[in-house]
Amino acid sequence: TRPVTIRVKPLPAGEPEGFTGGVGDFTMNATLSASELNVNEALSLKITVRGTGNLPLLGEPVVNLPPDHDLYDVNRSVNISTEGNRISGSVTFEYPIVARHAGRFRIAPVKFAWFDPSSGSYRSATSGEFNFTVLKGEGGETPGSVYIPGLNQERVTDIGTDIRDISRSVPLFTPLATTLLGKGWFRLLYILAVLTALTAMILIRFVARRNADMKLVRTRKASRFARTRLRQADRMRKEGNRDRFYEEIGKAVWGYIADKLNIETSALSKDRVIMEMEQRGIDGVNVSEFSRILDESEFSRFAPSAEKSDMDRLYHDTAELVRNLENKL
Numbered sequence: 624t625r626p627v628t629i630r631v632k633p634l635p636a637g638e639p640e641g642f643t644g645g646v647g648d649f650t651m652n653a654t655l656s657a658s659e660l661n662v663n664e665a666l667s668l669k670i671t672v673r674g675t676g677n678l679p680l681l682g683e684p685v686v687n688l689p690p691d692h693d694l695y696d697v698n699r700s701v702n703i704s705t706e707g708n709r710i711s712g713s714v715t716f717e718y719p720i721v722a723r724h725a726g727r728f729r730i731a732p733v734k735f736a737w738f739d740p741s742s743g744s745y746r747s748a749t750s751g752e753f754n755f756t757v758l759k760g761e762g763g764e765t766p767g768s769v770y771i772p773g774l775n776q777e778r779v780t781d782i783g784t785d786i787r788d789i790s791r792s793v794p795l796f797t798p799l800a801t802t803l804l805g806k807g808w809f810r811l812l813y814i815l816a817v818l819t820a821l822t823a824m825i826l827i828r829f830v831a832r833r834n835a836d837m838k839l840v841r842t843r844k845a846s847r848f849a850r851t852r853l854r855q856a857d858r859m860r861k862e863g864n865r866d867r868f869y870e871e872i873g874k875a876v877w878g879y880i881a882d883k884l885n886i887e888t889s890a891l892s893k894d895r896v897i898m899e900m901e902q903r904g905i906d907g908v909n910v911s912e913f914s915r916i917l918d919e920s921e922f923s924r925f926a927p928s929a930e931k932s933d934m935d936r937l938y939h940d941t942a943e944l945v946r947n948l949e950n951k952l
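Counting in the working numbering, the sequence shown runs from 624 upward without gaps.
There may be inaccurate statements among the hints.
Restricting the straight-line Cα-Cα distance to at most 27 Å, the calculated cross-link-like pairs of lysine-lysine (DSS-like) are [as the list claims (entries may be wrong)]:
hint, residue 1, residue 2
1, K874, K951
2, K806, K893
3, K931, K734
4, K874, K669
5, K861, K931
6, K632, K734
For the record, the hints were derived by calculation from the structure and aren't laboratory data. In this text the structure is predicted, and so the values were computed from the model without any measurement.
Please work from the sequences and hints to get the whole structure.
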């Protein structure tokens with residue numbers, strides 16, 4: 624057959640807040656599973672995007688949680704149908720959230736933006752804010768809660784006695800040298816205990832100062848998180864789960880490069896990453912390999928002709944890319 628030329632137009636500049644790569648015609652709905660729960664219980668925030676467009680490629684909307692709440696891995700479910708060259712259906716993002724302290728809390732409105740080809744402009748949708756109450760529960764104080772002096776004090780108890788009489792017995796004194804405190808090895812042990820405590824305090828302060836720089840912590844752990852994702856991708860590869868394999872490959876590359884370059888998820892894009900890599904002196908071979916692996920991981924999920932040999936090659940190429948970048952970033 625004759626070659627076909629496809630011209631892809633770039634998206635307009637000025638992406639609005641909440642844009643995660645959506646192109647098409649969409650609506651967004653967000654719900655919270657509960658308005659009241661106990662400390663250390665979980666609730667779920669569900670965000671559903673419906674419409675026609677590149678639904679399988681949508682990124683996760685950004686959710687801003689109140690302090691002292693843990694957000695676990697977002698569960699993503701895709702329900703689509705294809706008619707001709709149109710993909711329609713829905714994508715649901717479920718955010719598991721665990722509350723750690725009692726009180727009344729608020730989740731800010733969630734913003735979702737997309738590019739509408741029919742109008743040639745960006746459009747957006749915003750949910751309402753979510754308010755919920757976290758109760759203390761039956762367990763009383765929970766691990767990590769703040770102690771406030773005066774709230775847990777015990778009542779004064781009258782023991783029914785007055786000033787005691789003077790003792791008339793002669794106390795028995797023992798020479799210090801004959802007691803445990805007078806032993807040389809005990810004094811040495813005491814000195815060692817003090818030195819150990821001082822060393823532990825110095826180490827704790829050193830680690831605390833080191834972990835206070837969150838950017839440095841994020842950069843140090845980037846390679847470890849990438850290896851975890853690659854192990855998951857390898858398991859999917861061996862099981863023949865093609866969709867999950869390509870999804871894990873994409874997460875490994877995006878997560879590694881975002882942590883290494885300290886780029887927030889809301890500002891993460893391929894153009895931004897390539898610009899940062901070039902500014903840091905990454906050679907063109909690794910930059911091109913990064914772009915190729917991302918493109919292949921995204922489009923191979925929906926390509927029915929993908930072979931296991933392609934999965935093997937992409938897995939090894941991704942592992943090699945992470946090793947190369949680890950030596951340069």
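Hint by hint, here is what the structure shows:
1. K874 with K951: holds (21 Å)
2. K806 with K893: violated (70 Å)
3. K931 with K734: violated (39 Å)
4. K874 with K669: holds (21 Å)
5. K861 with K931: holds (9 Å)
6. K632 with K734: Holds: K632 and K734 sit about 25 Å apart, inside 27 Å.
Checked against the numbered hints given earlier, the structure breaks hints 2, 3 and satisfies all the rest.
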